[in-house]
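Q: This is what each chain is made of:
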Amino acid sequence: MHPAPSVIVFTTLSGLGFGLLFFLGLGMPAATGFTAFVFFAMAYILAVGGLMASTFHLGHPERALKAFSQWRSSWLSREAWAAVAALVVMAAFGAGTVFMGARFSALGLAGAAFSLAVVYTTSMIYAQLKTIPRWNTRLTPVLFLSLSLAGGALLAGQTSFALILLPLAGVVQVLWWMQGDKALGASGTNMATATGLGNGAAGGNGATGATGATVRAFEAPHTGTNYLLREFVHVVGRKHAQKLRVIAFGLAYALPVLLLLLPFSHALAGVAVLCHVAGVAVSRWLFFAEAEHVVGLYYGKRAA
Amino acid sequence: MTTLPASTKKKLGLVIDLDTCVGCHACVIACKGWNTENYGAPLSDQDPYGADPSGTFLNRVHSYEVQPLATSAMPHPAAQLIHFPKSCLHCEDAPCVTVCPTGASYKREEDGIVLVNESDCIGCGLCAWACPYGAREMDAKEGVMKKCTLCVDRIYNENLPEIDREPVCVRTCPAGARHFGDFADPESNVSKLTAERGGMELMPEQGTKPVNRYLPPRLKDQMDAPEEFDVLGPYLAPVAQEPKGFMSWLDKALERI
Numbered sequence: 001m002h003p004a005p006s007v008i009v010f011t012t013l014s015g016l017g018f019g020l021l022f023f024l025g026l027g028m029p030a031a032t033g034f035t036a037f038v039f040f041a042m043a044y045i046l047a048v049g050g051l052m053a054s055t056f057h058l059g060h061p062e063r064a065l066k067a068f069s070q071w072r073s074s075w076l077s078r079e080a081w082a083a084v085a086a087l088v089v090m091a092a093f094g095a096g097t098v099f100m101g102a103r104f105s106a107l108g109l110a111g112a113a114f115s116l117a118v119v120y121t122t123s124m125i126y127a128q129l130k131t132i133p134r135w136n137t138r139l140t141p142v143l144f145l146s147l148s149l150a151g152g153a154l155l156a157g158q159t160s161f162a163l164i165l166l167p168l169a170g171v172v173q174v175l176w177w178m179q180g181d182k183a184l185g186a187s188g189t190n191m192a193t194a195t196g197l198g199n200g201a202a203g204g205n206g207a208t209g210a211t212g213a214t215v216r217a218f219e220a221p222h223t224g225t226n227y228l229l230r231e232f233v234h235v236v237g238r239k240h241a242q243k244l245r246v247i248a249f250g251l252a253y254a255l256p257v258l259l260l261l262l263p264f265s266h267a268l269a270g271v272a273v274l275c276h277v278a279g280v281a282v283s284r285w286l287f288f289a290e291a292e293h294v295v296g297l298y299y300g301k302r303a304a
Numbered sequence: 001m002t003t004l005p006a007s008t009k010k011k012l013g014l015v016i017d018l019d020t021c022v023g024c025h026a027c028v029i030a031c032k033g034w035n036t037e038n039y040g041a042p043l044s045d046q047d048p049y050g051a052d053p054s055g056t057f058l059n060r061v062h063s064y065e066v067q068p069l070a071t072s073a074m075p076h077p078a079a080q081l082i083h084f085p086k087s088c089l090h091c092e093d094a095p096c097v098t099v100c101p102t103g104a105s106y107k108r109e110e111d112g113i114v115l116v117n118e119s120d121c122i123g124c125g126l127c128a129w130a131c132p133y134g135a136r137e138m139d140a141k142e143g144v145m146k147k148c149t150l151c152v153d154r155i156y157n158e159n160l161p162e163i164d165r166e167p168v169c170v171r172t173c174p175a176g177a178r179h180f181g182d183f184a185d186p187e188s189n190v191s192k193l194t195a196e197r198g199g200m201e202l203m204p205e206q207g208t209k210p211v212n213r214y215l216p217p218r219l220k221d222q223m224d225a226p227e228e229f230d231v232l233g234p235y236l237a238p239v240a241q242e243p244k245g246f247m248s249w250l251d252k253a254l255e256r257i
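Protein chains in written order, with my numbering: chain A, 1 to 304; chain B, 1 to 257.
These are computed hints drawn from the structure, not numbers from a lab.
All values reported here derive from a predicted model rather than from experimental measurement.
Using N, Cα and C, we set each Cβ at its ideal position, and we do this for glycine too.
What you were told as hints is all true, and nothing was included just to trick you.
DEER-style ranges, computed between Cβ atoms:
| # | chain 1 | residue 1 | chain 2 | residue 2 | range |
| --- | --- | --- | --- | --- | --- |
| 1 | B | Gln67 | A | Phe68 | 49 to 55 Å |
| 2 | A | Phe99 | B | Asn38 | 54 to 60 Å |
| 3 | A | Trp81 | B | Glu205 | 31 to 37 Å |
Straight-line Cα separation of at most 27 Å, DSS-like style, residue types lysine-lysine; simulated pairs:
| # | chain 1 | residue 1 | chain 2 | residue 2 |
| --- | --- | --- | --- | --- |
| 4 | A | Lys301 | B | Lys209 |
| 5 | B | Lys209 | A | Lys130 |
| 6 | B | Lys32 | A | Lys301 |
| 7 | B | Lys141 | A | Lys66 |
| 8 | B | Lys209 | A | Lys182 |
One chain only, chain B, in its complex shape:
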């Protein structure tokens, strides 16, 4: 059914720390790797080694430049580069689910994960139109809609060691910028992180009630702080010096040739 459940027992989702993400795209590759081999149709590429490559991804990393406003205390504030991973936010009020004419899209009552039953998908694309986040991509080869499954085939998978039972993007992140957990539980790691760091919703005005949260980056205030005292400065005399004696003569002789 494409009507949404009134409530879900769990609200599984991700916290993404924009302060920590270094923009390495490891989560993108790990996601593509796991999801092209496991649940559902593979994530195809078109013209992968040619002049115009494109392909299906469930997770992509944007990069933004934030320029703080100049103040009298900081007349030339440095711009900050923020890396911004984006995947399905598993919205509580998911507009992609209700528009689906076939019932292929659904939100699970037990854990809130939004999934696509690919054998029912007619590939009309309306769910991707309804998603404000660009979380759904139509696979050009299979003609069905692909989206983040929150690695539903890992998190409950008893064939995997327990440490691996989390979404592969979280498992692989070398910076620890991604966290997986249950937002319905106020004591969970993701609920605590959200509370401590002011985890934010993307496009709250769209009314989708996204489950995933983003931790805002802290201001990098060290780079251009004015007149800062340098502790190590006096000990760091320049190493390169003008040559003396024979080396000086050799240097000049070589110059003359």
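Bound-form chain A, shown alone:
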């Protein structure tokens, strides 16, 4: 898949922002007044900034309001609703803590739940796609949620939570990578099922579906490139995938944990947050760049 910068920025930043809103909704930290304002401002800049970045990849962003209409079937539409619900409820809760020094805890709990719902619906947009076996797993929402919670704990200054959640998210990340590397092969979709030609093809009486026949892409339908190849058959950078995984793991999970274990200082915590954000961005780049869409089979661009 083409790793579009707008979508990487969106999922990275809004994941962190809604993770932070989750902890703020639970009253962690139990700040009021100006301190609370700083926390809420940070969360809204991340969450809303991410959402706005996501509109940059739309062909017609001016029609974005229509995306609220199909919540019955579409995870993207549900995400839009969850985001609005989370931002509105948390704004009311935040106004209480910042301006009145009061904590309406029911409101905070609801906002925290909506914040997690945003991250879950975002992850389901990817996890629902059978066409991309690497994403089509229950582990994808687990990965997005664990990352969001770990980042939220880090940003909210909840060191003890972060020290549990960051390693947990790291384990989920490694499991997700391991499962993802086997996903296309295990999906049962290959050139034979795509074309009905060659060994194991479904075509019953087709002699070219005979046992042992091999099929290969001889000629593409077009001499140049096209939307499908640009969007779904991204290959740049795959050769560095293993190195990038190590970098992502180090930055997003290992380094922040080490920094949190050192005696606390705001500077070190700041470095830990920056490390984490950079690492999640690399991980998210890999999430897209490594994902193999099955349409690549028609172009002979998939190993399976």
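Take the given structure of chain A and dock chain B to it, following the hints.
A: Below, chain B alone, put in the same frame as chain A:
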């Protein structure tokens, strides 16, 4: 609504005969021609006469080489070239429709055609992500999703002569490799062809229940059949002969110069 209809009255679709398709790409050009001028936004091209041309097409023809396994009866079987037209399969369980957040994508209850209402499309591209067949392409100029309409503006068009009321790819195919009809009717031409020739679904494991079917190519078993008796062989003596007489002398004289 982007929820799918429980069932459709008709199941209009195509049968594509891989045994007959010669790979001329006439269907590709006819499709582009009709659909760039009629329903919806034109099918734009980017840099069409430059170094890096690309453009939007609703129908494309791939070519595959199938190499049969060698057997003792046929130790060196010839590879077969299969031309493979691919367009929207108008799936019964179309994943492109349910993912659409705006309701721009829909499947028609009356005939099962999957369409995009372009004035509602926000160009998020998620439907193209959800389609395993690469049937949807985002138009780079218009920023909306384009796909095969099964020439919905031809098949019911009473301004056209009756013979033209079928998808333009079917109408134009010089080999007769494309057939249009209603799969819900067991007596239709497409249902009969599918039954007779073992029409297959593409990627059935994806669970999309595609309506379009592909007729598998037959094995070309003549090319390398061993020790075949040649009926015409004895009558086809070589025509080219060594020159004689004056022509022979002239030939040698010219050689010497």
